[in-house]
Amino acid sequence: MLKEIVVLSGKGGTGKTSITASLATAFRDRVVLVDADVDAPNMLILLDPEAKEKRAFTGGKKAFVDREICDKCGVCTKYCRFSAIDDGEVDFIRCEGCGVCAFVCPKSAIEMREVRSGEIGWAETRWGPFVFARLDPGEGNSGKLVTEERNLARDLAKRYGKDLILVDGPPGMGCPVIASLTGVDLAIAVVEPTLSALHDLQRVYSQASHFGVKVALILNKIGLSDEVSSSIRFFANGHDIPILAEVPYDEAVPKAMIEGISFLEHGGEAANSLRASLKSIEKMI
Amino acid sequence: MKIAIASGKGGTGKTSVALNLAVSASVDTVLDCDVEAPNLHIFFKPHWNLEETVFVKTPAIDSSKCDLCGKCVEFCNYNALAKLRDKVIFFSHLCHSCGGCSIVCDRGAISEVDRPIGILRYARVGDMDFWEGRLNYGESLAPVVISALKEKAEDGTIVIDSPPGNTCPMVEAVIDSDFAILVTEPTPFGFSDLKLAVGVVRKLGIPFGVVINKHGLGDDRVERYCKDEGIDILMRIPYSMRLASAYARGETWVELFPEMRGKFLGLFEAVRKRCLKR
Chain Z
102 MLKEIVVLSG KGGTGKTSIT ASLATAFRDR VVLVDADVDA PNMLILLDPE AKEKRAFTGG
162 KKAFVDREIC DKCGVCTKYC RFSAIDDGEV DFIRCEGCGV CAFVCPKSAI EMREVRSGEI
222 GWAETRWGPF VFARLDPGEG NSGKLVTEER NLARDLAKRY GKDLILVDGP PGMGCPVIAS
282 LTGVDLAIAV VEPTLSALHD LQRVYSQASH FGVKVALILN KIGLSDEVSS SIRFFANGHD
342 IPILAEVPYD EAVPKAMIEG ISFLEHGGEA ANSLRASLKS IEKMI
Chain C
563 MKIAIASGKG GTGKTSVALN LAVSASVDTV LDCDVEAPNL HIFFKPHWNL EETVFVKTPA
623 IDSSKCDLCG KCVEFCNYNA LAKLRDKVIF FSHLCHSCGG CSIVCDRGAI SEVDRPIGIL
683 RYARVGDMDF WEGRLNYGES LAPVVISALK EKAEDGTIVI DSPPGNTCPM VEAVIDSDFA
743 ILVTEPTPFG FSDLKLAVGV VRKLGIPFGV VINKHGLGDD RVERYCKDEG IDILMRIPYS
803 MRLASAYARG ETWVELFPEM RGKFLGLFEA VRKRCLKR
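Read top to bottom, the protein sequences are chains Z and C.
In our numbering, each residue carries its 1-based index in the first sequence increased by 101.
In our numbering, each residue carries its 1-based index in the second sequence increased by 562.
These are calculated hints, taken from the structure and not from any lab test.
Where hints are given, some of them may not hold.
What the hints assert, rightly or not - Calculated pairs, DMTMM-like style, for lysine to aspartate or glutamate (alpha carbon to alpha carbon, straight line, at most 25 Å):
| # | chain 1 | residue 1 | chain 2 | residue 2 |
| --- | --- | --- | --- | --- |
| 1 | C | K835 | C | D794 |
| 2 | C | K765 | Z | E220 |
| 3 | Z | K179 | C | D794 |
| 4 | C | K765 | Z | E360 |
| 5 | Z | K179 | C | D738 |
| 6 | C | K765 | Z | E190 |
| 7 | Z | K163 | C | E674 |
Just chain Z, same shape as in the assembly (with noise of 0.2 Å):
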């Protein structure tokens, strides 16, 4: 059975993409890597492979006006909710694809065109097929390109006989979170002993909750305070949310990441504690 795994964290910055390289690693042959964060893709820069297939991603369409017809009238201006249309010219960087503008128009001055807003592919590496995808600066619909990664891992895992998909969440709650998160099978939340980050798996928590999706979590940066750390596992208890690692502050994580590779695959006292939690991780799942 095909399961599906998403890493989450909230806050951004808590090791979430060291932690989902590490599980990757741990779990490679099995596995289909999808990178979500599309807006911030880091998980490449590990992995740095060579594009199997690769393509651009046409994430919704922008309104485009024709300077011949326009008579500039303004009621695009008027209807038009985002403040994306004035004078004839569209602000692209404002302007939401709604189609609300050419439907409006008397001229028919106006058309509605699909435009590139990323890319989505993905790759072989040492851990198995890879799923990334990015957007273009500045360009919004992440959802959507988030909806098609997991689209394309269940064809790579069907086509290579994978039975897990790990899922490298982006941060936050909106669009690409709940991309990532319905219908998945478990929600991994990394969250790192900051008041910060204790207030965001609250939220994160909530969320996962709010799409009925199960939640663990794996407790990363120990030592950076107790008595934060306290807190979280007061808080994972209570919600009866099971901890399925707790992993030490460890330069060695950093350094990995510099070198290129996964924290697991570099060694030290980090990769000890993730090795050794890595039965209760596979009994979860």
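Position chain C relative to chain Z; hints supplied.
Then chain C, alone, in the frame of chain Z:
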């Protein structure tokens, strides 16, 4: 003067820079625009004085008037409407509130109602006005909450803590700023995300500079990149367990370590000068 603190990647120290800059320079207003994961309140420990709800327009379908023609479903570019055998259903988390469905409906079956998607909260913190926005669970329209939040502050010196990343929420937070401080860390991840953030602020035409946090960790590729691109490095914050632990406990650097106050005042001066030059 609007100063946006942005980063590309999360966890680089954006909130720390926004917080310590605001406190040391006694700015007029601080806006926590990271509405998906607001964290500044942890450090300000505010007593909230005010709370407002942020609404979006959302379609309400009167099935007694709907003849299932499907025009609204066909029009919606976000797949937020779907036609079943006997009714049209609506997926609120996909809706961008463009209002198109109610315009295209010939039968007047679609009206728009207000739907809450988040809240804004206000507190007076010392001599500063502090506003934070919060997106409700399951909602995706972060930019709407950010835009409502930004309407709360027009005058004086405003510090904006932006959401991480380089897409719509970040763009909404920084778009009309006078200056953007891009916070990064000297690691491959930090470097990669910095380049993306630089791409966005350049596209938006906002003057910017870089603050390197956790300086001493990692390597010098961020420094080399900034030098090659002619980007000013405005400040370097040392990689230190002492600073990381203070942050973890929700404490403010410039209040704990007097030497940090001078450094952040220096950062503020550097930004102010660059804004005046424009």
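Taking the hints in turn, this is what the structure says about them:
For a cut-off of 25 Å, the pair hint linking C:K835 to C:D794 stands: about 13 Å separates their Cα positions. Between C:K765 and Z:E220 the CA atoms are separated by roughly 19 Å; this keeps the pair inside 25 Å, and the hint holds. Of the supplied pair hints, the one linking Z:K179 and C:D794 is violated, its CA atoms being roughly 41 Å apart against a limit of 25 Å. Restraint check for C:K765 and Z:E360: not satisfied, since their Cα atoms lie roughly 32 Å apart, outside the 25 Å limit.
Restraint check for Z:K179 and C:D738: satisfied, since their Cα atoms lie roughly 22 Å apart, inside the 25 Å limit. Proposed proximity of C:K765 and Z:E190 is supported: the alpha carbons are some 17 Å apart, at most 25 Å. For the suggested pair Z:K163 and C:E674, the alpha carbons sit about 24 Å apart, so the restraint of at most 25 Å is met.
In summary, the structure is inconsistent with hints 3 and 4 from the numbered list given earlier, while agreeing with the others.
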